[in-house]
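Peer 1: So you can see what is in the structure, the chains are spelled out below.
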Amino acid sequence: MSGLIEAREIALSFGETPALRGASARIEAGEIVAVTGPSGSGKSTLLHCLAGILAPDSGEVWFGDTRVDTLREAARSALRRDRFGFVFQFGQLVPELTAEENVALPLLLGGTRREAALRHARVLFDRLDLGGLERRRSGELSGGQAQRVALARGLVGEPAVIFADEPTGALDSLAGEQVMDLLVEAARERGTTVVLVTHEPRVAAFAGREIILRDGKVTSPVPDRVPS
Amino acid sequence: MSVPLTLLGLLDREPSHGYDLKRDYDTFFGRGKPLPYGQVYATLGRLARDGKVVISEIAPGSGPDRKQYVITDQGATEVHAWLDTAVEPEPHLQTVLFAKVVLALMTGRPAERYLETQRQLHMQRMRELTEVRRTGPLVDALLADHSLFHLEADLRWIELTGKRLDALAEQVRRPS
Numbered sequence: 126m127s128g129l130i131e132a133r134e135i136a137l138s139f140g141e142t143p144a145l146r147g148a149s150a151r152i153e154a155g156e157i158v159a160v161t162g163p164s165g166s167g168k169s170t171l172l173h174c175l176a177g178i179l180a181p182d183s184g185e186v187w188f189g190d191t192r193v194d195t196l197r198e199a200a201r202s203a204l205r206r207d208r209f210g211f212v213f214q215f216g217q218l219v220p221e222l223t224a225e226e227n228v229a230l231p232l233l234l235g236g237t238r239r240e241a242a243l244r245h246a247r248v249l250f251d252r253l254d255l256g257g258l259e260r261r262r263s264g265e266l267s268g269g270q271a272q273r274v275a276l277a278r279g280l281v282g283e284p285a286v287i288f289a290d291e292p293t294g295a296l297d298s299l300a301g302e303q304v305m306d307l308l309v310e311a312a313r314e315r316g317t318t319v320v321l322v323t324h325e326p327r328v329a330a331f332a333g334r335e336i337i338l339r340d341g342k343v344t345s346p347v348p349d350r351v352p353s
Numbered sequence: 002m003s004v005p006l007t008l009l010g011l012l013d014r015e016p017s018h019g020y021d022l023k024r025d026y027d028t029f030f031g032r033g034k035p036l037p038y039g040q041v042y043a044t045l046g047r048l049a050r051d052g053k054v055v056i057s058e059i060a061p062g063s064g065p066d067r068k069q070y071v072i073t074d075q076g077a078t079e080v081h082a083w084l085d086t087a088v089e090p091e092p093h094l095q096t097v098l099f100a101k102v103v104l105a106l107m108t109g110r111p112a113e114r115y116l117e118t119q120r121q122l123h124m125q126r127m128r129e130l131t132e133v134r135r136t137g138p139l140v141d142a143l144l145a146d147h148s149l150f151h152l153e154a155d156l157r158w159i160e161l162t163g164k165r166l167d168a169l170a171e172q173v174r175r176p177s
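First to last, the sequence lines map onto chains S and R.
Using our numbering, the first residue of the first sequence is number 126, and each one after it goes up by one.
Using our numbering, the first residue of the second sequence is number 2, and each one after it goes up by one.
Simulated from the structure, these hints should not be mistaken for laboratory data.
Beta carbons: idealized from backbone N, C-alpha and C, even for Gly.
Careful, some of the hints might be misleading.
[Said to hold, decoys possible] Computed footprint of chain S on chain R, listed as stretches where at least three residues anywhere in the stretch have a Cβ under 8 Å from a Cβ of chain S:
hint	region
1	124-131
2	151-158
[Unchecked claim] Calculated pairs, DSBU-like style, for lysine-lysine (alpha carbon to alpha carbon, straight line, at most 35 Å):
hint	chain 1	residue 1	chain 2	residue 2
3	R	Lys-101	S	Lys-342
4	R	Lys-164	S	Lys-342
5	R	Lys-164	R	Lys-101
6	R	Lys-34	R	Lys-101
With these hints in hand, go ahead and build the complete structure from the sequences.
Peer 2: Here's what the structure looks like:
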């Protein structure tokens with residue numbers, strides 16, 4: 126039986142350099158999973174393939190009953206926008222927009238009216254300890270605040286899955302812990318699945334289990350438990 | 002954890018009865034290993050014998066809890082010196098794991114597997130401590146943080162050793 130997200134023997138090379146060499150992984154709905162492994166082991170590439178950002182050269186990627194890797198780009202883009210949320214290492218906020226506009230962005234792109242989108246976004250500001258920062262632009266936020274805004278943007282569309290690529294990589298320990306605390310708390314409250322790429326054991330320890338990559342292959346066993 | 006110095010530190014705060022000292026020790030330092038009353042009073046007895054505490058009053062009745070203990074200048078000097086001295090940096094990785102790795106390489110056994118098994122156990126412990134840190138009071142969270150950083154250091158050693166097993170094997174195997 127399939128999990129919520131599944132990679133089956135996926136391979137992907139960048140030019141002559143193989144990044145993934147037959148990687149398989151299965152993630153159940155509601156799980157918080159850390160993708161770990163040494164630098165260059167293919168962690169981020171696996172996350173990008175699972176999230177439909179990259180299409181593998183071979184193998185299959187599934188999200189529920191949808192085969193993701195064979196979707197046309199427009200359909201993959203819609204899937205990412207409607208079902209997935211993203212948090213990257215450097216927040217990647219749009220500098221011209223205020224914090225609340227940044228958070229509302231996925232809703233605005235999905236066609237929600239501006240007022241409704243901003244109203245929805247503001248709810249997350251208190252939840253993520255960002256009250257009072259709604260009108261600031263990214264240049265006026267600390268690293269930890271900017272990353273919490275990015276987390277709010279990842280959560281605002283109530284996605285089925287949050288993909289987080291080194292979400293604490295640019296933060297000091299305390300700010301990083303706060304982002305992880307909030308991410309895990311929000312995910313547990315909502316039953317959101319989280320796929321987290323990290324090279325830091327302390328961050329990986331927030332997840333329920335690890336998917337360990339070495340040289341483009343998953344070395345941790347694929348769990349064979351059937352979802353209840 | 003030095004029980005005598007910790008009790009002295011608690012007495013440096015204020016004179017206390019043995020019962021109060023035990024309660025505070027268990028709350029802040031016990032971490033699931035409460036200090037037996039016998040050890041509390043035996044330690045206080047030794048501190049009194051050595052002139053580091055004195056008994057200031059004995060309430061009517063019987064039993065050790067009638068006594069209130071007060072730190073002396075000598076005791077205070079000792080506890081202040083202890084607090085001012087940095088803790089000796091200790092190698093926290095179990096030497097037994099290092100011994101296993103070397104012995105495994107010497108005898109052609111799977112050293113990688115020992116390291117991986119240890120890594121998984123460390124990660125499991127880190128998950129448990131992370132949950133304590135997330136949900137527990139600040140005292141527990143800070144102690145969990147301390148353990149987490151040490152476990153993380155062990156994991157770095159495990160990772161690095163894993164990459165150097167071939168070189169280590171060459172050094173520890175006898176030439177045939």
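Peer 1: It remains to establish, for every hint, whether it holds in the given structure.
Peer 2: Results of checking the hints against the structure:
no.: 1; hint: 124-131; verdict: holds (count 5)
no.: 2; hint: 151-158; verdict: holds (count 3)
no.: 3; hint: Lys-101/R to Lys-342/S; verdict: 28 Å, holds
no.: 4; hint: Lys-164/R to Lys-342/S; verdict: 17 Å, holds
no.: 5; hint: Lys-164/R to Lys-101/R; verdict: 16 Å, holds
no.: 6; hint: Lys-34/R to Lys-101/R; verdict: 29 Å, holds
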